[in-house]
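Take a look at the letters that make up each chain.
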Amino acid sequence: MAEQVTVLFFAALREQIGQESLSVSIAPGGLSVRALRAQIEGANPAIAQALAEQPRLRVAVNQTLSTFEHMLKPGDEVAFFPPMTGG
Amino acid sequence: MPVHVRVQAAPFDVGQQTERLSALSPHTGGVGVFVGQVRGGQGLRAMTLEHYPGMTEASLQALAQEALVRFELTGCTVIHRIGRLEIGAGIVFVGAAAAHRGAALTATTFLIDRLKTGAPFWKREEYEDGRAIWVDARETDEEAARAWLTRTP
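These protein sequences, in sequence, are chains A and B.
Per my numbering, residue 1 is the first one in the first sequence, and the count goes up by one each step.
Per my numbering, residue 88 is the first one in the second sequence, and the count goes up by one each step.
It cannot be assumed that every hint is accurate.
Stated by the list, open to error - Reference listing, derived: stretches of chain B covered by chain A, where coverage requires no fewer than 3 residues with Cβ under 8 angstroms from a Cβ of chain A:
| no. | region |
| --- | --- |
| 1 | 133-142 |
| 2 | 166-179 |
| 3 | 198-206 |
| 4 | 209-223 |
No wet-lab data here; the hints were simulated from the structure.
A quick note: this is a predicted structure, and the numbers were derived from the prediction, not measured.
Where is the CB? At the ideal position from N, CA and C, for every residue including glycine.
Use the sequences and the hints to build the structure in full.
Written out as structure tokens, the structure reads:
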């Protein structure tokens with residue numbers, strides 16, 4: 001059975017990509033956020049372009065700010081978004 | 088509860104929230120409050136606040152808790168609105184109650200500085216001429232948030 005992670009996009013990224021979430025199958029053995037990004041980009045040029053246009057792309061894993069080196073496990077929720085602009 | 092955090096579409100009542108903070112503890116000597124609102128000009132019509140449900144509440148809760156401990160507050164409130172807001176509408180209420188004014192005022196600044204770049208909200212501006220623009224994070228805002236890492240308390 002394929003192992004999956006959920007990927008979410010917010011704000012300008014969500015709008016540009018045209019979807020807010022996708023389910024991604026990952027190979028057993030785990031992979032980094034950076035490798036997940038490369039995998040998604042390889043499968044979808046529109047996502048690759050949208051992510052490339054965000055020089056200060058942020059990532060959260062399971063709703064906590066994280067890094068591109070973070071190792072993912074099946075069932076994780078990974079969110080990509082531009083720098084936050086609240087307040 | 089000394090920490091009060093809300094993410095909501097509805098407006099907040101500044102007077103009511105301030106009174107609530109004032110009444111939390113007999114040891115309170117002052118309450119600091121900051122209210123952020125939608126600034127008009129340059130043809131802006133409104134803005135829409137998007138957020139990351141779940142992470143938003145958790146990060147505001149953690150921030151308020153951090154302020155409570157760091158500045159020895161008697162109470163701390165963070166209310167942030169989401170959805171479409173017109174010019175003049177309140178976006179965010181932060182309030183800090185403490186024994187003395189220094190802690191109350193400093194904690195208020197800490198809360199809004201850290202919230203602006205540390206909680207998952209994004210602003211989309213809507214202009215009279217039909218343009219819609221996602222607000223860019225300002226480098227000065229990120230510097231203000233970072234400065235608290237090296238400041239004491």
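Quick rundown of the hints versus the structure:
Counting residues of the region 133-142 of chain B whose beta carbon lies closer than 8 angstroms to any beta carbon of chain A gives 6, which meets the minimum of three for the stated coverage. By the rule of at least three residues with a Cβ nearer than 8 angstroms to a Cβ of chain A, the coverage given for the region 166-179 of chain B holds, with 3 such residues. Interface restraint, the region 198-206 of chain B with chain A: holds (6 residues with C-beta to C-beta distance below 8 angstroms; minimum three). Counting residues of the region 209-223 of chain B whose CB lies closer than 8 angstroms to any CB of chain A gives 6, so the stated coverage by that chain holds, three being the minimum.
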